[in-house]
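As you go down the protein sequences, you meet chains A and B in turn.
When the letters of the first sequence are read in order and numbered with this note's numbering, they come out as residues 1 to 74.
When the letters of the second sequence are read in order and numbered with this note's numbering, they come out as residues 75 to 255.
Please note: incorrect hints may appear among the correct ones.
Short derived list, chain B residues pointing at chain A, Cβ under 7 angstroms [unchecked claim]:
no., residue
1, 113
2, 116
3, 129
4, 204
5, 219
If you're looking for bench data, these hints aren't it; they were derived computationally from the structure.
Computed from a predicted model, the values in this text were never measured in an experiment.
C-beta: ideal position from N, C-alpha, C; glycine also.
Each chain, written out:
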Amino acid sequence: MTAGALFVNPLTIPSGWLLWLMLPLLAAVATVYKTIRTDNLRRLPLEILVLMVYMVVGLLALGAGLWLVLEYWP
Amino acid sequence: MARNPDKSKPIPLIALLLAWLVPGAGHAYLGRTRRAVIIFLTVSATFWAGVAMGGVMTVDHQAERWWFIAEMFTGVHGLIGWHRAQRVYDKVPIDRELEMSSSAEADPSLHQQMLIDAAMQAKGVVLVHPTDTVARAYAGVAGLLNLLCIFDATMLALMGIAGEPVAEGVARREPQPREAP
Chain A
1 MTAGALFVNP LTIPSGWLLW LMLPLLAAVA TVYKTIRTDN LRRLPLEILV LMVYMVVGLL
61 ALGAGLWLVL EYWP
Chain B
75 MARNPDKSKP IPLIALLLAW LVPGAGHAYL GRTRRAVIIF LTVSATFWAG VAMGGVMTVD
135 HQAERWWFIA EMFTGVHGLI GWHRAQRVYD KVPIDRELEM SSSAEADPSL HQQMLIDAAM
195 QAKGVVLVHP TDTVARAYAG VAGLLNLLCI FDATMLALMG IAGEPVAEGV ARREPQPREA
255 P
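Looking at chain A on its own, in the form it has when it is part of the complex:
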């Protein structure tokens, strides 16, 4: 695929990649949120990392909870 076609024709994304593609999106959310919230830009990378870990753990917990409800709900 040429560079021009990259922004014209859609890519074929395998279904197994969907959850992994969530990570860059979470990184973007954490970066922008912490960039406008932090008082000290030197601490920014650490704060982004911590928030990203919070979001990943939270989403995993939510996913596990919903899976349990679907599997074992009478």
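Given the coordinates of chain A, assemble chain B onto it according to the supplied hints.
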């Protein structure tokens, strides 16, 4: 927390417009240049990563109206994406005879939409699952993140805050009084 006092008070409307037009420009206007660069790079990369995955029809106001509204918050990026999608719509070769015959049918707009879909499919630009979800989520979330930045820049300007915040506990270097000889 103490803030750097600024002589000229920022104008909220300018901060709002700049923050919408170019992601991060609102913060640059308020003297927060490093934050502005980070915001610009993050929002732009997220938006164009979505367009790279979904192609030119990621910013499609006819297919996904709510995602389109979110994408428009990226300012110049969203406008470029919309313009590119419109150019594709304009170039769709619809058979005029079929279009005329469709006017006699019960729902001509539905028939016309089918013609457009067929032409898009022939050009290979139609978004299908799961690429459409991922691409529009990336581009739309980029817009929503910039909405957060627009709100932040406008509120800072309304409060008259400009420049980087000065963290508490950071001692300011005051001029020392001269000792008498």
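Hints versus structure:
| no. | hint | result |
| --- | --- | --- |
| 1 | 113 | holds, 6 angstroms |
| 2 | 116 | holds, 5 angstroms |
| 3 | 129 | holds, 4 angstroms |
| 4 | 204 | holds, 6 angstroms |
| 5 | 219 | holds, 4 angstroms |
The structure agrees with every numbered hint stated previously.
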